[in-house]
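Q: Given the coordinates of chain A, work out where chain B should sit on it, guided by the hints.
There are 2 protein chains.
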Amino acid sequence: MNNIDTPAGVSEIARLAKRDSLVLMSASEAQRNEALSKIADALWDARADIAAENAADVGAAEADGLPEPIRKRLLFDEKKLKDTLDGVRGVIALRDPIGRVLLKRALDKDLVLTQVTCPIGVIGVIFESRPDALVQIASLCLKSGNAAILKGGSEAARTNRILYDIIQKTGEAAGLPAGFLTLLETRDEIAEMLACHESIDLVIPRGSNAFVRYIMDHSEIPVMGHSDGVCHVYVDKAYDPAVAVPVILDSKTQYVAACNAVETVLVHEDAAEALLPQVKEALAAKGVKIREGAYGTEYLDLIVSLRTVASLEDAIEHINTYGSHHTDAIITTDDAAAARFFAGVDSAGVYRNCSTRFADGFRYGFGAEVGISTGKLHARGPVGLDGLVTYKYELVGHGNIVADYAEGRRQFCFEDL
Amino acid sequence: MNNIDTPAGVSEIARLAKRDSLVLMSASEAQRNEALSKIADALWDARADIAAENAADVGAAEADGLPEPIRKRLLFDEKKLKDTLDGVRGVIALRDPIGRVLLKRALDKDLVLTQVTCPIGVIGVIFESRPDALVQIASLCLKSGNAAILKGGSEAARTNRILYDIIQKTGEAAGLPAGFLTLLETRDEIAEMLACHESIDLVIPRGSNAFVRYIMDHSEIPVMGHSDGVCHVYVDKAYDPAVAVPVILDSKTQYVAACNAVETVLVHEDAAEALLPQVKEALAAKGVKIREGAYGTEYLDLIVSLRTVASLEDAIEHINTYGSHHTDAIITTDDAAAARFFAGVDSAGVYRNCSTRFADGFRYGFGAEVGISTGKLHARGPVGLDGLVTYKYELVGHGNIVADYAEGRRQFCFEDL
Chain A
4 MNNIDTPAGV SEIARLAKRD SLVLMSASEA QRNEALSKIA DALWDARADI
54 AAENAADVGA AEADGLPEPI RKRLLFDEKK LKDTLDGVRG VIALRDPIGR
104 VLLKRALDKD LVLTQVTCPI GVIGVIFESR PDALVQIASL CLKSGNAAIL
154 KGGSEAARTN RILYDIIQKT GEAAGLPAGF LTLLETRDEI AEMLACHESI
204 DLVIPRGSNA FVRYIMDHSE IPVMGHSDGV CHVYVDKAYD PAVAVPVILD
254 SKTQYVAACN AVETVLVHED AAEALLPQVK EALAAKGVKI REGAYGTEYL
304 DLIVSLRTVA SLEDAIEHIN TYGSHHTDAI ITTDDAAAAR FFAGVDSAGV
354 YRNCSTRFAD GFRYGFGAEV GISTGKLHAR GPVGLDGLVT YKYELVGHGN
404 IVADYAEGRR QFCFEDL
Chain B
4 MNNIDTPAGV SEIARLAKRD SLVLMSASEA QRNEALSKIA DALWDARADI
54 AAENAADVGA AEADGLPEPI RKRLLFDEKK LKDTLDGVRG VIALRDPIGR
104 VLLKRALDKD LVLTQVTCPI GVIGVIFESR PDALVQIASL CLKSGNAAIL
154 KGGSEAARTN RILYDIIQKT GEAAGLPAGF LTLLETRDEI AEMLACHESI
204 DLVIPRGSNA FVRYIMDHSE IPVMGHSDGV CHVYVDKAYD PAVAVPVILD
254 SKTQYVAACN AVETVLVHED AAEALLPQVK EALAAKGVKI REGAYGTEYL
304 DLIVSLRTVA SLEDAIEHIN TYGSHHTDAI ITTDDAAAAR FFAGVDSAGV
354 YRNCSTRFAD GFRYGFGAEV GISTGKLHAR GPVGLDGLVT YKYELVGHGN
404 IVADYAEGRR QFCFEDL
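Line order of the protein sequences matches chains A and B. Adding 3 to a residue's 1-based position in the first sequence gives its number in the working numbering. Adding 3 to a residue's 1-based position in the second sequence gives its number in the working numbering.
These aren't lab readings, by the way, just hints derived from the structure by calculation. Since the structure is predicted, the reported quantities are computational estimates derived from the model, not experimental observations. Hints may contain errors.
Said to hold, decoys possible - For each label pair, taking beta carbons as the anchor points, the in silico distance ranges come out as:
| id | chain 1 | residue 1 | chain 2 | residue 2 | range |
| --- | --- | --- | --- | --- | --- |
| 1 | A | Glu201 | B | Glu188 | 34 to 42 Å |
| 2 | A | Gly93 | B | Thr189 | 53 to 61 Å |
| 3 | A | Gly299 | B | Trp47 | 41 to 49 Å |
| 4 | A | Thr189 | B | Ser314 | 34 to 42 Å |
| 5 | A | Ala109 | B | Trp47 | 28 to 36 Å |
| 6 | B | Asp337 | A | Gly93 | 20 to 28 Å |
| 7 | B | Ala277 | A | Ala194 | 48 to 56 Å |
| 8 | B | Trp47 | A | Arg412 | 24 to 32 Å |
| 9 | A | Gly93 | B | Gln281 | 53 to 61 Å |
In this text, a Cβ means the ideal position worked out from N, Cα and C, and glycines have one as well.
Okay, chain A solo, but in the shape it has when bound:
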C-alpha cells in the first residue's frame, strides 16, 4: 500500500487504515517511541524544505487576500518547527497510555480478570490551518497506538503535504504499517470519511462551532468535540477584588477567539456596587464592549455579557441554563460557596479564583491535546492521550465454565489483586 502515489477512495483508505490499525495495536511502546523519535529527527533534517513549502502557502494566502490572523496561524518557520518538535519529544517522554492495568481481580482462585487500556483503532481528525496541529495530532495518535486519518485546512496544503510525507515515510521505514497515517486533501473527502462508520472508530473535528455541529449531525461515527464555548465567571458576595478584576480581564481578553474565553460575567448583587465600576473600567480600557442580556452568546470577540444575580443558586442556575458545560469559574473567599459551585455547576471545568483560559491540555500538563470535549461520555474537557485509548477485559482461566458457578458447585471470590 502506498497512500502517496496511488490515491484511493476514502472508503478504501479507511478500510486499509482499519486493517493496519490492528497491526499498530500490537506495536510495543519502544517501537512507537522510536518511530516518533525518528520522525522528529527527519522533520528537523528537512527544515529547509518545510520552510520553502510553508513560504509558498503563506505567499498564496497573501495573494488570495486572506485575513492576517489566518496568515499568522499558517506561518510555520524554523522556530515554530523547533517548538513543535520539542512538543513531539515531550509526547515521547509521557507515560505509555497503552497497557495500563485499570483493574485486576481474581474472580476465583484460578480465574483472573484484568482490565487493561488499549488503542481505540482508527481516528479521523479534521483540523484548522495550523501546520503544527498536524504534527501534534499525528504524534498523539501514534503514541496511543491509533491509526489516524487527517484532514487539515486547505490554506496549509503544501506544508501539510510535506509534513505528512516525511512522517508517513519515516514511520513506515521504522517498521509501522503503512496505513498508520493517511492524509486527505480535499473538502469532498470529509463527507466520504463521515460515511465510513465500519472502519473509523472516532472523529475529532476542530474548528468553528458550525462546522463541529455539521460533523455531529452527519455521521454515525462517534464524535468528540465541543459544540460551543460559553464560559462564565461568577463573582460571589465575598470576594477579593485583587483576584476578581484580573481574572475577569484575563478570561475575556487574553485570547478572545478561544473557546475557553469568558462570554458572560455574573456578579452577586451584594458585590455589584463596589465591583462593577472597577470591572467596567478595566474592560473598557481593553476595548471590551458590555452587553446586557444576550446570555448564551459565544462572542469570540471583545464583547461580554454582564448580569447581576441575587444569589449563588441563581448564578448556578444561570450557568447550567445558558452555558455550554465547558468551563466556569467562581471568584470567592468563601469555601462553602466554592464547594456548592463545584457540586452544582454541570461543566467539564469548575474553577475557583483563576482564569477560564487555563482550560487547555498543555496547561493541564497533558503534553498536548487533540481537542476539548463538552460531551460527558468517554472524555470531558481537554483531551490528551488518555482520551485516545479504550480498554479491554482479559480473562485467564484453567477450563472454568459458567455452569459450575450457576449450579452452585463453585463460588466466585472477587478478590482485587
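A: Quick look at chain B alone, frame taken from chain A:
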C-alpha cells in the same frame, strides 16, 4: 411535581428529570445509600402486593398465550424479590462511584487541578420484561447519582408500576428530588424520549439487536449498548482437550439466548483431527446443530458454526472480520499464542481457557450491570457503576491568570500530588 397522578408529555418529564438531576448530583453518599436502604425495606414490606400485581401480569400473559420463556422471565415471586433486594444491598455496599479523584496535580504552587468523578445526569433505560431489571437499574442509577427515566416491557406493566411507585415514593420521602426516577408506560413514549437530547444525556437500550439498532439510528442522544453478540472460541494447535471440550460446550449451551454465548468455533488445522470428533459428539449430545459457513451469524440457539483455520493469525483475522467485538476466547497451553491473541483480537473481552459466558457484570464482581457495551468509547464490555459516571476538572487558584504564564512571568510546575 407528581409523576404518578399527573401524566405529562415525555419532553416535560425529561426537562423535570434534568432539573432534578442537578439537585441529585449534590446528594451525599450517605443520602443515596440511606434512600436505597429504605427502598429495599419498603419493597420487602410490600411483598404481598407486589406478588399480587405480578400474578395479574403472569395471568394476562397466559391468557394472551405468550411463550413460556417470556412468562418465566415475567415471574417475580417472593424468592425473586428477595434475591433482587440482596442485589440492592450489594449495590449499597459497593464503593461510591462519585467523588473519586482520578488525578490531582499542582499546575503551579498555588494552582491545583483535580479530576473527580461525578454523575452523568439523566439516563434513559429501555429494558425487557424482567421486573427485577427495574429494581436493579433504578438502584445503579441512584447509587451513581443519576436521574433515570425507565421504560420496561409492557408484559410486566402491573409489576413495574407497583415497584416504581414504591421506589419513587420512598426515595422522595427520603429527601431525593421527585424526578430522580420516572416510569414511561407506553411504546409511543420511547420515540418521544429519543428526541429529548437536550435533557437526556445517555440512553441504554436492552433487548433484541434489531431494537438496539433502531434506537441507535433514531436519536442524537449517545447510546450505550451492544448491537450484536457474535462470540468465538478458538482452539490453538497446543491445547488441553480437558479444557477445550467443556469450555466449548459451556460457551454454547449454558444459556443459548445470551449475547455472550459462542456462535462460531474455530479450530487450528493441526488440532482438528484429534479434537473435532470429540467436539462434534459432545455438541450433538446436547442437541447442538453444526453449520459450516454462515460466519457472523448470531444464532442465539442450539446451532454453531465450525471452521478449521490454518494458523493463529487466521483465527485472529476471522474474529476481527466476522465477530462483533464482544467476547472471544482462545484455548491454548502456549503463553505466546495467548499473548498474541490478547493483543490482536479487537474485542471488549479476550479470554484464555474459560467460557465466553463469564462476560457479565455480576460475574466480573460489579455487583450488577446496566448492560454490555460493544462500543469502544466511554464504556466497553459489561457496564456497572463505573460506566454511569463521568468526571469534571476542578481548578483552584489564587488569582492566577494565563497571561502570566503565556508571557513568561510564571512557569507551570506540573507536580502530581
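Q: Quick check: which numbered hints come out false for this structure?
A: Violated hint (a single one): 6; every other hint is consistent with the structure.
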